[in-house]
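Asks: Quick note, the sequences are listed as chains A and B, same order.
Residues in the first sequence are numbered from 1 upward in steps of one, following the numbering used here.
Residues in the second sequence are numbered from 1001 upward in steps of one, following the numbering used here.
Mixed in with the good hints, there may be bad ones.
Unchecked claim - Counterexamples of contact, computed for chain A against chain B with all Cβ distances above 10 Å:
id	residue
1	Gly54
2	Leu388
3	Asn419
Stated by the list, open to error - Here are the simulated SDA-like cross-link-like pairs (lysine to any residue), alpha carbons at most 20 Å apart as the crow flies:
id	chain 1	residue 1	chain 2	residue 2
4	A	Lys383	B	Arg1170
5	A	Lys390	B	Lys1218
6	B	Lys1218	B	Gln1139
7	A	Lys300	A	Pro254
8	A	Lys390	B	Trp1143
9	A	Lys380	B	Gly1152
10	A	Lys383	B	Lys1218
11	A	Lys253	A	Ala269
12	A	Lys390	B	Arg1170
13	A	Lys383	B	Pro1083
14	A	Lys383	A	Ala407
Bear in mind the hints are in silico, worked out from the structure with no lab data behind them.
All values derive from a computational prediction rather than experimental measurement.
Using N, Cα and C, we set each Cβ at its ideal position, and we do this for glycine too.
What follows is the residue order along each chain.
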Amino acid sequence: MALFLYLHFPALQLDHLQLSDQSSNLPVALVDQQHQLLQINAAAINAGLKLKMGLASAAALCPDLQLLPYQPEQQAKVLHSVTQQLYQLSSDIALDNPAGLILRLDGMLQLYGGLEPYWQALSAKLTALTYRYQYSCGATPYAAKCLAYQQAGLITADNRLFNNALNSSPLSATELIPAMQQQMIRLGIHTLGQLQALPPAELARRFDSQLLSYLGRLRGDYYHALEYLQPEPGFSRYLELLYDISDSTVLVKPLAKLLQQLEQQLSRASCHCYQLLLSLFFRDNPPLKLSIGSAQGEYKAEAWLALCQLQLESLPLPEPVYGLQLDVNHFAGQQHATAALFNQHQARMSALQLISLLQARLGQAAVSGLTLQDQHLPEKASKRSPPLTKGAIGQPVLALRPAFLLATPQPLTEAVTINQGPERLCPDGWQLSAQRDYYIGRNQQGQWLWLYRTVSQQWFIHGWFS
Amino acid sequence: MSALLDQLARRQLVWHGDSQQLAYQAVSSGYQELDQQLGGGLPATGLIDIQTEAGIGELRLLLPYLQQQQQQSQRLLVFIGPPAELSADMLAGSGLELSQVLIITPGEQPAFGQGLDKLSKLTTAAKNPKSVKKLSPQQQALWAAEQCLQSGCCASVLLWPAAISLAHARRLQLAAEQGAASLIVFRHSSQTLSLPVNLSISLQPDPQGLQLTVLKRKGSWPAASFLVSMHQQWPALCLTGTAEPLRQAG
């Protein structure tokens, strides 16, 4: 027998907003286009407000009520992220917009060894999410939904209990449209039990097919197709800030929350990532996109936060930020570095971690490696490369070269003692006019200079031996 | 009487001048005269202060030491703020592993590689630039040095600072000890501020190599200056005395 669990989140958008700011005790409510209260927080309930109340009576009851618009697309995002997090515990989850989830349980019971341990794990997770929820099991998705709306809280596989509860359910908990509910009530039918007791053939004659199809699915006579969720490959979360933040160092707090979620997802998948894309949203300017990289790959929120902090510290914000978006496109499997057992000094971080740290603060270009090129011209023989790049092996090395080369050679203006030379170097293509004769010289201060003489007998300093 | 002396010595209240013990682990410098004078070589960890003019052979003096430091521990060698472009030929020729060399040039670029033009456009419109802490290249260099030393994955860090204060030096010394790394600071000899270092030497040019004075050494007293000959290692960079001076007008 199939078994379903329905989770209903009565105030998902509001709870999500309150997550980022638990300190305020103001009554908050979400209103829809028709000016009806759709979601209210605990402070508002205490003030005597009720759902579906009009704005006028709400304002009369509670003058300092804070109103926010209900945004279905915002709520859908939150619901989706809840689904992603529950997916780690339960495999078959279908979204039921705008505020519900249908979980198919019969496959999971085998894994958890019964309904009790399964619910324990799931409810622990739900409590950690801190959204208010109502739940119930049922033999079909609609049955579970109907019971969850009444806050039945049935965690059982007992069909008798389900039937009893369903038979006494009011019609307002069903999926029937309000007009039809009204029609039923006029006929004296107040509960589902009464409706189900009527012969289907009679119902089919008097009502449209919608009712029969609903009842059929409720009883399990008709097949109810559910679209189960497939997990996303990457990570993408958006966080709307409660108030605009104009100081980039304050952004660290809300960012930590996003990184924590990333860490959870990464550690569950036993992965790490090399790059984060952080977008800061402004009201007037286009969003600012930052990419934060770690050469070694990290999964810990702490490590990522340190890297983000370094970038944010030196970041000027053109105007206050109202939203943050964190994207990770690619997860990579974790590889653990092996350290020597008898090493005396335990390094605090690896070379790659050090490089990402330095690059985060100083910029990509300020940190580089050095490779030897197969070139005879001194200015081309050394090349700045990305850090820790291995150059070609077996490159011939000219040892008698100055340690320091000037980027642009400077004219020689002092007396020098020539000690060695010349060494004639000619640029590619044997441009004889550009050939240079190199000498090693020592000036009065005892500095060893690397000089060259051009064809036109001009002397330049190209570097110095250090 | 001798029992009393014994006791004093055990409680480290008297100090023997003849039994100098090295306060640090020494790594051979590759130059015999220097090893002899320094009682084994240059310190493997901690600060080494070198007061020198540029280009008289200060790096050459250190190359064998750096090569050993790098090879022994298989860790990084970091150059922070070198005065000009480093030559790969020279470093590779002295036996350094180039893939384990890191060059940090602070102040090369603003802190963002990506979206640079967009950012600068945004910054000009910024109304609150004071909320941003911008480090000067000098501060960046010191910060980078401290991070490298602390990380424990660098064998030696070479730093060319514009100026270094006592507080900075103390911080760097602590970081170096924590990460078991050595920091070599190249300063102009005009900066006479004494720093809390393991070894402080002053270099003067000499036709045969370098004239070296030990200004300060942990667990020892200063000695007379002596010559470090580079004839063996760098014959091309020593005067033989016969070369003709060449005059060149600017």
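Asks: Enumerate the violated hints, using their earlier numbering and listing them in ascending order.
Replies: 2, 3, 4, 5, 6, 8, 9, 10, 11 and 12
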